[in-house]
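Number of protein chains: 4
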Amino acid sequence: MHFSHTRARIIRSGEKLFARYGISNVTIRQIAKESGVNSSTIYYYYQSKEDLFEHIVNHIELVFGEDFSIAVEKNDPLEQVSELCWLFFDKYNQNINLVTLFLDERIKSNQNERVKKTIRKVENTINEALEKILDNCRDLGYLKSDLSNLVYIKMIFGILVETILFQKRSGSLLKNENQTHQFLTFRNEAIHLIKGILMVK
Amino acid sequence: MHFSHTRARIIRSGEKLFARYGISNVTIRQIAKESGVNSSTIYYYYQSKEDLFEHIVNHIELVFGEDFSIAVEKNDPLEQVSELCWLFFDKYNQNINLVTLFLDERIKSNQNERVKKTIRKVENTINEALEKILDNCRDLGYLKSDLSNLVYIKMIFGILVETILFQKRSGSLLKNENQTHQFLTFRNEAIHLIKGILMVK
Amino acid sequence: MHFSHTRARIIRSGEKLFARYGISNVTIRQIAKESGVNSSTIYYYYQSKEDLFEHIVNHIELVFGEDFSIAVEKNDPLEQVSELCWLFFDKYNQNINLVTLFLDERIKSNQNERVKKTIRKVENTINEALEKILDNCRDLGYLKSDLSNLVYIKMIFGILVETILFQKRSGSLLKNENQTHQFLTFRNEAIHLIKGILMVK
Amino acid sequence: MHFSHTRARIIRSGEKLFARYGISNVTIRQIAKESGVNSSTIYYYYQSKEDLFEHIVNHIELVFGEDFSIAVEKNDPLEQVSELCWLFFDKYNQNINLVTLFLDERIKSNQNERVKKTIRKVENTINEALEKILDNCRDLGYLKSDLSNLVYIKMIFGILVETILFQKRSGSLLKNENQTHQFLTFRNEAIHLIKGILMVK
DNA sequence: AATGAATGAGGATTCATTCAT
DNA sequence: CATGAATGAATCCTCATTCAT
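Residue numbers (numbering that gives the first Met the number 0), protein chains in the order written: chain A, 0 to 200; chain B, 0 to 200; chain C, 0 to 200; chain D, 0 to 200.
Simulated from the structure, these hints should not be mistaken for laboratory data. Some clues are possibly wrong.
All copies of an identical chain are treated as equivalent in the list; a pair is satisfied when it fits inside any one copy or across any two copies.
What the hints assert, rightly or not - In the SDA-like style, the derived pairs of lysine to any residue whose C-alpha atoms are separated by at most 25 Å in a straight line are:
{"no.": "1", "residue 1": "K15", "residue 2": "S39"}
{"no.": "2", "residue 1": "K15", "residue 2": "E60"}
{"no.": "3", "residue 1": "K115", "residue 2": "Q178"}
{"no.": "4", "residue 1": "K48", "residue 2": "N177"}
{"no.": "5", "residue 1": "K90", "residue 2": "L183"}
{"no.": "6", "residue 1": "K107", "residue 2": "Q178"}
{"no.": "7", "residue 1": "K167", "residue 2": "R8"}
{"no.": "8", "residue 1": "K116", "residue 2": "K143"}
{"no.": "9", "residue 1": "K143", "residue 2": "F185"}
{"no.": "10", "residue 1": "K48", "residue 2": "L164"}
{"no.": "11", "residue 1": "K194", "residue 2": "D134"}
{"no.": "12", "residue 1": "K194", "residue 2": "D66"}
{"no.": "13", "residue 1": "K48", "residue 2": "I69"}
{"no.": "14", "residue 1": "K143", "residue 2": "F182"}
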């Protein structure tokens, strides 16, 4: 079988549990139970708990992979930043566990080198896209301040992360329509704010 | 003395280790070793590992406690926000471990209720101060956008957190003068950016 | 073919690994890897790890089987003992793994009954040959001491074993010519010593 | 407590079980059960199973430590060798487990470096004593053969080991008087044989 | 106030073995 | 004949916690 069913089940359960509780608070047996296999089976596919974790983290790279450069293809830089933000929010909606994992691991200090690398890579992908967008803004006469791109990047990233955290902590996205609406509104506000900031001549 | 020397040593070691490795990656014995006491001694002062952790997290409340309202005492709301940001950065400089712990715990989803409460309380303290500042801005004719205070709060908080994370990941603050200078510059930029955003009429 | 290629490969690998590391330090998977088959395949041929081990140990009997009686066919008992010793050394040269296994198992106390039996049988084969040789010596007027044959047997066996252990621990036989020569010399000395002892009138 | 009772109990049980079954066939739980402590307690005193094993093996050095040089203090080299042999047999009587362990480990090929070292050291102790005795023999005009000391040493060692193995495999020493007597006789014979060999002019 | 000794519960990992194909 | 997938039992080891002193 090319893409083992069991493998997929293990990964999915791992994703969920690691995201929720962190690597050291999840036992192999829990993952085994959640994925309906024997714990030895996990060792048949992955060399160790750490190995499984790394495989899961690698998925993050896949999720955040190419797409952000697509945003830059839009004509207007303000459209571009808007697109990038929506892409980011979409990723979250579609891979809540993975994105949660990403946010968690991003601020941990001691961790597996390979995990660290993946996190940096994902951040870089986003940063580079933002860098281009900011340059485009400047070309159009926007962003006349003498502040560095870096501050703007951190600001945009910061507000995106806070938006997601706000949502995450308010409970899962789909609880009811009202809430969904509320979140959509808030995301819209966030994007408007960012655009407003960049647009200043 | 209410606050025995031993107690203090234990707390300080716990702070350091918990901040660096997270609660589940630190053993009572490690804390005992770091603080030069026997692990049983820790149980003499604290009922359990969790209890010790809670006590440490409570320190965060002390650190972030009152001061932010001081910021609001300034005349100009732009001065107020500036003051608040510097306060935040100062807290970090003076309590790197505790602030790190705060940032870590802030994004974890599963955790001790009391820890959760403390984290919320600290966030609220900051948020309330920001809320007031934003209102003051509006009173002065700034911030003419129809965006909610909440987005502005998230934005400001986001950029503050990212600034600290940037610094934290670039290595300890005091490695050399150049670096210190670099960070100071960046912090300045961040504050300028925030003020610029709020100032818009 | 009675004796399939795969079977042979498994046995050979088992021999090597069991001799080197002992039964409990070798896993079925190691043997599978070494012999280039799947571990399930081993279970196709042998009922269990123990079963495989027994089959391998049985080889020892084949190796040490008949030949020692050949020694007794020589005319002179001193020639006989010399022949027996050389036979023993030759066995070692040609089946280092098996002989190593024999020496190992010989001194272990807890073991599979069938293994024990095989070891005893091999020892008996040698002992009986030696017994005959000693009787022949006495018939010729040698060995006038009132010591029992048993002590002589143990002595001869002891020196043979020590000679092999000496060589085994000094490294593999064929490292270089010098070493080979050195071992040959030592073996010669050992046999001379034994003959000298038996020859005493 | 200087010499923890628990420690002693663990060591004794380990000695017994390791000697009987070999390190990899004994579980920590078995040792715990045999010594009447919890298996965690073993880890309180020893870092790992291997560590415990090393500590036990170190005892071998203590047992075989100095005494063999005492043998050399006798006047006559034949007395000396006799003394040395009896010392060896006595060690066995008093520390059956440890000596068994020594014999076992002596022929294993793959093993812990520290264990290997201890085994070599013990062998050296005996070999050096034998070397001196052989030199003394030569000084007195004995041992006129042109064979090296090494062969003689191996021969003596071989017969001693075989004698012990013989006894070990025949069952524990003290089963009944008859058997005791039988073993004593055999040991006597072995020593006589050795002396006879050395005495040859 | 402080500690050394001891433990029970639980965790990661290994491994011989089975079974469907 | 041969194998990939799967498992249960067992193993080493860790760690928070307790208790007598």
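Cross-check of the supplied hints:
1. Taking the shortest Cα distances, K15 and S39 sit within 25 Å of each other inside one copy (20 Å), while across copies they are farther apart (29 Å).
2. Proximity of K15 to E60 under the C-alpha cut-off of 25 Å is restricted to the intra-copy arrangement: shortest distance 17 Å within a copy versus 31 Å between copies.
3. In this assembly of identical chains, the alpha carbons of K115 and Q178 lie at most 25 Å apart only when taken from different copies (22 Å versus 34 Å within one copy).
4. In this assembly of identical chains, the alpha carbons of K48 and N177 never lie at most 25 Å apart, being 40 Å within a copy and 41 Å across copies at closest.
5. In this assembly of identical chains, the alpha carbons of K90 and L183 lie at most 25 Å apart only when taken from the same copy (14 Å versus 34 Å across copies).
6. Only between protomers do K107 and Q178 lie at most 25 Å apart by alpha-carbon distance; the minimum there is 22 Å, versus 30 Å within a single protomer.
7. Proximity of K167 to R8 under the C-alpha cut-off of 25 Å is restricted to the intra-copy arrangement: shortest distance 24 Å within a copy versus 36 Å between copies.
8. For the homomeric pair K116 and K143, neither the shortest alpha-carbon distance inside one copy (34 Å) nor that between copies (42 Å) is at most 25 Å.
9. Taking the closest pair of Cα atoms, K143 and F185 come within 25 Å of each other only across two copies (18 Å); inside a single copy the shortest separation is 27 Å, beyond that limit.
10. In this assembly of identical chains, K48 and L164 lie within 25 Å of each other by CA distance neither inside one copy nor across copies; the values are 27 Å within and 28 Å between.
11. Taking CA atoms no more than 25 Å apart as the test, K194 paired with D134 passes in both settings, with 14 Å inside one copy and 22 Å between copies.
12. Proximity of K194 to D66 under the C-alpha cut-off of 25 Å is restricted to the intra-copy arrangement: shortest distance 20 Å within a copy versus 33 Å between copies.
13. Taking the closest pair of Cα atoms, K48 and I69 never come within 25 Å of each other, the shortest separation being 35 Å inside a single copy and 48 Å across copies.
14. Only between protomers do K143 and F182 lie at most 25 Å apart by alpha-carbon distance; the minimum there is 23 Å, versus 32 Å within a single protomer.
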